[in-house]
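Engineer: Here is what each chain is made of, one letter per residue.
Number of protein chains: 2
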Amino acid sequence: MKLYTFDSEPNPRRVNLFLAWKGIEIPKQQVDLRGGEQFGAAFRTANPRCTVPVLELDDGTVLCDAIAICWYLERLFPQRPLFGSEPLTQARVFSWDAYLTSEAFLPAADALRNRHEAFKDRAVPGPEPVAQIPELEARGRQRVQRFHRHLDDHLEGREYVAGDQLTLADFDTLVVIDFTARIKEPVPVELARVHAWYRRITALLPPG
Amino acid sequence: MKLYTFDSEPNPRRVNLFLAWKGIEIPKQQVDLRGGEQFGAAFRTANPRCTVPVLELDDGTVLCDAIAICWYLERLFPQRPLFGSEPLTQARVFSWDAYLTSEAFLPAADALRNRHEAFKDRAVPGPEPVAQIPELEARGRQRVQRFHRHLDDHLEGREYVAGDQLTLADFDTLVVIDFTARIKEPVPVELARVHAWYRRITALLPPG
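Heads up: the protein sequence lines correspond to chains A and B, in order. Sequential numbering from 507 applies to the first sequence in our numbering. Sequential numbering from 507 applies to the second sequence in our numbering.
No lab work stands behind these hints: they were computed from the structure. For clarity, every value in this text was computed on a predicted model and none was experimentally measured.
No farther apart than 30 Å at their CA atoms in a straight line, the calculated lysine-lysine pairs in the DSSO-like style are these:
#1 K690(B) with K626(A)
#2 K626(B) with K626(A)
#3 K508(A) with K528(A)
#4 K508(B) with K534(B)
#5 K626(A) with K690(A)
#6 K690(A) with K626(B)
#7 K690(B) with K626(B)
For reference, chain A alone in the conformation it holds in the complex (with noise of 0.2 Å):
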């Protein structure tokens, strides 16, 4: 298997602490997404989408989502479960991955994208220029505020994100945090249950 990350952006950065935690080590090659090395022939051939992370297995087949490769790798390894074991759990993982992705990491992807200058004509990944939309920076950042007291209401009663313990709910939410603070949308201060949540699953994490 090879693991084709780019390692500081937020969704290689999902499956690098899923590894981590059940100490699995996959081979791993860079894409410079920065410098555009993802929309180069060699890489656009394992992903057309041209982009990161891909897992690639040994017979050629290749799996392009965090998610997908998560659970994929769970089967796999079973080691220190992240999917939890019971189906509700799987089901609540599962779920907060769609709602997370829809209504936080992509609403801060728009915040970024469309404001930008290095993502001019860039505002959406894969191959084909997309221009940007200025008004979906401030739709963005509405959006990722609405998050932030969302989860903060979720927390309540809570010390894990998808139930009574760590999955990979807490890391994904976790990347999703860093990345809204990237784009200037740290969680205010008063959402206290967040930062609470914050500090237990950051002291969890290996070191590295």
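For chain A, the structure is supplied; the task is to place chain B on it using the hints.
Structural biologist: Just chain B, lined up with the frame of chain A:
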């Protein structure tokens, strides 16, 4: 268990096709999205995000996303599996769901909700007002067209979307294709593989 739904809408329909294929009957409660029932106090208690489908378990636990509801029911009712049984097939279904949501369903919803008068100040699902951004209609259509072409490429040499067997990914894609037709972005005639696949999957659907 009880399923909150609004049968004519895409995400509820994903769950409905899944249930029909497996022959599962679950008591349903229609939530009239056109009449705004999703914002009423009764439904908001079940799902503060004000979206359907929602599966409510007997102990009051709720699951709020189509992919999570289907996974939970697949584990409870394993007959006529729609996620395959191998880790790789399951991972492909999850991967396709993530791709389909971000590259087809949400762009189609953007095109609809940012133009249509009925969605004024409701450009994003949920209880908080979000103003329309008319430019998103064109971007949404551009992305839907890109998705149609990509799907046609993807189906080269494939009978089913996520591998060599029928899975939820086929039903989900069918629902999204019907949704894109509804916003007047039907699949172009020349994308013959998509049309052949669509006829194949439609022929498998239970009546009704």
